[in-house]
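**Student:** Going down the list, the sequences are from chains H and S. For the first sequence, the positions run 1 to 547 when this note's numbering is used. For the second sequence, the positions run 548 to 764 when this note's numbering is used.
Be aware that a few hints might be false.
[Claimed, not checked] Computed footprint of chain H on chain S, listed as stretches where at least three residues anywhere in the stretch have a Cβ under 8 Å from a Cβ of chain H:
#1 562-571
#2 601-613
#3 634-643
#4 732-746
I should point out that these hints are in silico values taken from the structure, not numbers from a laboratory. Note that the coordinates shown come from a computational prediction; the quantities given were computed from them, not determined experimentally. Even glycine gets a Cβ: it sits at the ideal position worked out from N, Cα and C.
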Amino acid sequence: MKLARLGAFHQTRLSFMRQLLRRMKADKWQFEERVFDIDSKGVGHAVYVAHAPGHSYSLIAFSHDLPADQRSDRVIATAWDATFTLFDGIPDEADIARLAENVPKQEAGRISGRELTLSRANRSVRIWDYVVDRLAAGKQPDARKTAEVGYLMRTTAVYGSGKFGGADRDALADRPEFQAPFQVEMLSVYLIRAFVMDLVEHIARMRAPDRALALDPVLRRRFGIGNSTGLGMAPFLITHPALLNNWIAAREEALRRVRALPEATHQTRAAFRQTAARALIHALGWRSEHPGQQAKLEDLRADMQALTEHLATADMAAPYPWDRLWRWGEATLSLEGQEQLVSLLLEPHGDLVDDLCDTMSADEEENWRIDGAMPLARLRAIVEDVYGWALAIDWSAQSSQARIWYTSEEKLEPRMGERFDEPLSPYEQPLGPGRDAALMHAALAASDAPTVAEFLLKHPEHRNSARRAQIAARLPYAEIRDNTLDAAVMPIDMLRMKLSFFGACHFDPRSDRWVRINMYQNAPFPDELAREAADDWTLPRLPEAGE
Amino acid sequence: MSWSLNETEALARKAARGGGMDWGLAEETGKAVRWLCTAGWPGAEALAELLPAQDGVKWEAVRPRTDTDPWTARDGILCPSAAGAALTDRAQDFAEGRTIAMAATARPLLLVPYTAWAADLAGRPLSIRWPGVTVTCGGEGTHADMPDPAALTVARTDTLEIAPASETTGQPVARHPRCDLPADTVRTLTAFARRTYAPGTPESRATGAGAGLTDND
Numbered sequence: 001m002k003l004a005r006l007g008a009f010h011q012t013r014l015s016f017m018r019q020l021l022r023r024m025k026a027d028k029w030q031f032e033e034r035v036f037d038i039d040s041k042g043v044g045h046a047v048y049v050a051h052a053p054g055h056s057y058s059l060i061a062f063s064h065d066l067p068a069d070q071r072s073d074r075v076i077a078t079a080w081d082a083t084f085t086l087f088d089g090i091p092d093e094a095d096i097a098r099l100a101e102n103v104p105k106q107e108a109g110r111i112s113g114r115e116l117t118l119s120r121a122n123r124s125v126r127i128w129d130y131v132v133d134r135l136a137a138g139k140q141p142d143a144r145k146t147a148e149v150g151y152l153m154r155t156t157a158v159y160g161s162g163k164f165g166g167a168d169r170d171a172l173a174d175r176p177e178f179q180a181p182f183q184v185e186m187l188s189v190y191l192i193r194a195f196v197m198d199l200v201e202h203i204a205r206m207r208a209p210d211r212a213l214a215l216d217p218v219l220r221r222r223f224g225i226g227n228s229t230g231l232g233m234a235p236f237l238i239t240h241p242a243l244l245n246n247w248i249a250a251r252e253e254a255l256r257r258v259r260a261l262p263e264a265t266h267q268t269r270a271a272f273r274q275t276a277a278r279a280l281i282h283a284l285g286w287r288s289e290h291p292g293q294q295a296k297l298e299d300l301r302a303d304m305q306a307l308t309e310h311l312a313t314a315d316m317a318a319p320y321p322w323d324r325l326w327r328w329g330e331a332t333l334s335l336e337g338q339e340q341l342v343s344l345l346l347e348p349h350g351d352l353v354d355d356l357c358d359t360m361s362a363d364e365e366e367n368w369r370i371d372g373a374m375p376l377a378r379l380r381a382i383v384e385d386v387y388g389w390a391l392a393i394d395w396s397a398q399s400s401q402a403r404i405w406y407t408s409e410e411k412l413e414p415r416m417g418e419r420f421d422e423p424l425s426p427y428e429q430p431l432g433p434g435r436d437a438a439l440m441h442a443a444l445a446a447s448d449a450p451t452v453a454e455f456l457l458k459h460p461e462h463r464n465s466a467r468r469a470q471i472a473a474r475l476p477y478a479e480i481r482d483n484t485l486d487a488a489v490m491p492i493d494m495l496r497m498k499l500s501f502f503g504a505c506h507f508d509p510r511s512d513r514w515v516r517i518n519m520y521q522n523a524p525f526p527d528e529l530a531r532e533a534a535d536d537w538t539l540p541r542l543p544e545a546g547e
Numbered sequence: 548m549s550w551s552l553n554e555t556e557a558l559a560r561k562a563a564r565g566g567g568m569d570w571g572l573a574e575e576t577g578k579a580v581r582w583l584c585t586a587g588w589p590g591a592e593a594l595a596e597l598l599p600a601q602d603g604v605k606w607e608a609v610r611p612r613t614d615t616d617p618w619t620a621r622d623g624i625l626c627p628s629a630a631g632a633a634l635t636d637r638a639q640d641f642a643e644g645r646t647i648a649m650a651a652t653a654r655p656l657l658l659v660p661y662t663a664w665a666a667d668l669a670g671r672p673l674s675i676r677w678p679g680v681t682v683t684c685g686g687e688g689t690h691a692d693m694p695d696p697a698a699l700t701v702a703r704t705d706t707l708e709i710a711p712a713s714e715t716t717g718q719p720v721a722r723h724p725r726c727d728l729p730a731d732t733v734r735t736l737t738a739f740a741r742r743t744y745a746p747g748t749p750e751s752r753a754t755g756a757g758a759g760l761t762d763n764d
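Excised from the complex, chain S in its bound form (with noise of 0.2 Å):
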């Protein structure tokens, strides 16, 4: 079915939310599924995969080490969110030259929107490779060079980089106005943003929305 991107983002949003994510975490991945969308990539499905995955662990277990080269995970496996936040927020290091490495990542598709906006934050070109995908952001928009297409939407790679470009390699990435979200997607990320919704009560029918006066006159 064709989602608008807002609805989209709000979904991931949510859904994130009720997957465990603090809510400037979640907020940030309802971004970074909205533009993977834009992308024509499935950021929503990877979100959908990703949530059962890490469901019930602690930001502790997953969060990067950054101390560590490359960031590694307490419990083994990084979170592409807490990793993406950790990415953005180091922009400046880009902008001095560095390169970041990741070990094992999960759905590390999810990853590409925090390069793209790491690159604009540190104004010059990233990209992030993986085995079978370097996508670079910034300058002349985002290019993707794919020679293993299915690579694009792997469950985890154990090596990640992601660089200041010298050049840009690959095709260039057309944005789409619009999604089509499959209806198992849908189906999953639902069920997450329900978590964050209160199930009615006596009290919350009798008050939540301001009884008041009379609406039917």
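Next comes chain H alone, as it looks inside the complex (with noise of 0.2 Å):
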């Protein structure tokens, strides 16, 4: 649980968007373009409704002609290219005219409990209008130029549980779809991409009726859709301790499980060689500027030419062959390698893990009551326990609490400063567990008080540090084992985390507190669904089998 290896993370097949697809296809949901009424510019409104089983959801597109100089897909933008909603069944007049007063405004608008989601997406500077270009002039984009952005259009925030009013979680809570974790968001960023590309060619359509084309379904595919995620997502994790346990407990148990195999199937050992090269390419695909990442770029293309070595000579008849692959991974490669590696080793044992996706969620609220009655020697132990870390830190030493996360009055969004060069102390939010868990311990050390609650009584402001600690002394993986506070911490390495459990791709820091991904790539459209493959998509495919 070290931010540098919750920062290596890569998609696995127990990742949301994934559980999405599968269950897409294994329901058999249909997909229905109900609504495209957008002029030349670009302006107007669109409705795609997916009908699953028992309920029919809708996304509502409202396209926007924003002038250049308004373009920013950062959180703090006030216009944007395109907004969205995810409306639970399918919309009336009535309904339309509400959301597009509202909508467009995002953060300043107003939605209602019967809309799921709320987000916006931007148009990409360097391919839109080339893309469009190329098909009103009778001509397929480049391929390779278009791989170089990978996507037409970036979301920033997809808000969902109940945000500026918004349908609650657990409004949801009796929806089989939605009961893994972030189904509502996925489910709207899927139907985000296939608008956008029906977007751009009715565009190009516009333009040149008579010549304009349609992308070639191949190229098409290649076009995942975008998103820049900031600080936002970081609290999350720090603030849902459950919730993190699950989704990591999850996939140490699925790794658990393919290292206990006694043997492998020349079936496995074969889509397993497959998809070590495909992730290969994908590596050698994956493009970013951020000089941490290009390093972390270069370990995982040299890992993956190792372990396609490695995979040439290694003896997978021998006993427990992914045990042993594992352990020669863990001596042997980057954290960006072993974690590819866990992704990997996942991939061919879908009969073995997937029943886990059904342990990702968490009822947060089961898990916040303090115990009142533990001797506060045994909350002593607790601390030295799971944060035996932070008591190793030196506290007053500048560097270890250089960071401070606070939220901005500006923007109502978390911010990271620096304590001791801005006046931010008296807004700090509750986000240094391991340096707070050490204040608690000093203040444990101090007190005559047998239980907790008589601690509590007379030190309230450790009431947040003493739930902490109850909660990871039960859940072995709901705390981050590093310093949030640090001067080095990087948050673009929580914010990988949490993408990678999404099913992102693509990970390309623009800064320490910003990411770029790319979701849904190479994913069937939902047109595509009942017909194709709905999880193979995720790593590119190899050419040699003429794909």
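Hey, can you piece these two chains together into the complex? The hints should help.
**Tutor:** This is the structure we're talking about:
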């Protein structure tokens, strides 16, 4: 649970995008483009409906003509090329009229309990016009050029869970399709990708009705949907300890099961080799300008080469071949490579691990109550066990708490500042669990209270820490075992960990605090899902297979 | 205006923190307000009344002295968030059949969720009672007996008792999926929540969200 390792995570078959596509395929969801009322400038709205068994969900897309100087995909923007909501059911005209007044305003608007998410996207300046121009000229865009970006629009925040008046997660508790985490958000983005591809073709067609082409289907699949994610996502991992635990526990248990297999069938061995080869292509196609990520990518590419060479000679017929392979990886590969190996090891073992998807949700409410009857000595022992790493830190050194998490008044968004350079201390958010545990540990040592209840009566300032420690004592992966206030902390590590569970690829940090990703690249579109494999798209296909 | 429970809880948590509570208490206060909204009771309104009334007070002045019976506050009136936290921390006592009485307590409505949580922890139904109101929690859900409905929202009560319940009295309390918050309640809570937000500075604008590479390509 160190940040450097969490910041090297890759998507796996447990990831939420993949869970969604498997479910949609298995449950035979139907999709329908119900409205597409958009003019030649790209202004108008569209409605895409996904029919699940028992419920229908509609992506309502509002497309705008955004002046170039207002285009910023950061959460701090106030206008976008397209804005979206996922509607529970099928909207009527009154719903559309109401939402047209609110969805384009995003945070400044208001949605209702009928809306499950609120989100927005901007065109990629690098390739949007290029793709429109080519299609309107009756030509396909150059695959190399489009691969440099990998998407036509980038989303930013996809707000769910009741934000800005939308539906609470509790309200969807009885929907099987939304039991896994973040399924409404993943469905929203999946439908947004389909809309964006239709939109680019539509605009080309409006410009040159006689000449315009649709995108070649193979090239079309290579477009994902981009996303820019900032600091707002990082505190979530700290404020949802039970959820974090369940995600990591599922991944650890999946790896444990695979390593415990006494032998590997020919089929799984062949599937593993093929997936490893695809992971190498994926690593080669992954681009980033961030020096830290560039170094990690060099490691990853070397690691995937090393894996290929190792597989050429490794004796996979020996007992416990997957465990041996994992041990080889642990001793040989960088963190990037090790975490990629975790993903690869799970890949051919769906029958063995996919049931763990059902364990990845969490009800934080079941875990947040404090056990006041706990003897104080027990709490102290827990702190020493869970936060031993934090007790070893010299907290009087400025570098150990150089950073401070706060919420900005201007944007109401989480921010990270310099504690000793900016007047932020009165506004500190409780996002340094290690430092706070160390403070509580000192107070515990000085207290003669017999129980946690008596201690907290005198020390309400440690109530948050006492709760976290008790949760972490029950749930081994609830707490990141690293200093989130350190001068060298990289919030992008937290973002990457969370995004990898979403199923994102191509992490491209743009600073230490925000990251770009690509989602659903190579995934079948809604109209293709019924006839295509739902879960064989995350890694690029092998050229020698004629794919 | 119709609010989701999640955003109501978030607003209440931030407001409680802005009103001076430590984070752990503020988190529980947010959950308490959510619980009350789910019951269809004016929890957000109660918090919006409580926070200005105890603005600036010290914890030691309003937290319960649990070695007295009834519990009392040093400066006369108990804070329901402080008393509620102490109550749930002692849920084990209820399992053993104990009754807890409190002297002057502000906004007793805010104590009801803590009673429900204590009932869960103790594994037996509990009732909270002050003049005009009896609410029984646990077992077969929440039931309310309110001969005087106005008593639910009193600013203070001078007597209050939480005890193991042997029988359920009153009407079952229906669950509500959302809540309607009055504009003045939202205004008050937002003003307290705002105290937790750092004013913008040139440094925070430049680097708080991470400048880095262009975001428009």
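**Student:** Decide, hint by hint, whether the structure agrees.
**Tutor:** For each hint, the structure was consulted:
Beta-carbon proximity to chain H at under 8 Å applies to 4 residues in the stretch 562-571 of chain S; the threshold of 3 is reached and the given coverage holds. Chain H is given as covering the stretch 601-613 of chain S, and this holds because 4 residues of the stretch bring a CB closer than 8 Å to a CB of that chain, at least three being needed. Coverage of the stretch 634-643 of chain S by chain H holds [criterion: at least 3 residues with CB-CB distance below 8 Å; count 5]. With 5 residues carrying a beta carbon less than 8 Å from a beta carbon of chain H, the stretch 732-746 of chain S meets the three-residue requirement, and the given coverage holds.
In this structure, none of the earlier numbered hints is contradicted; all agree with it.
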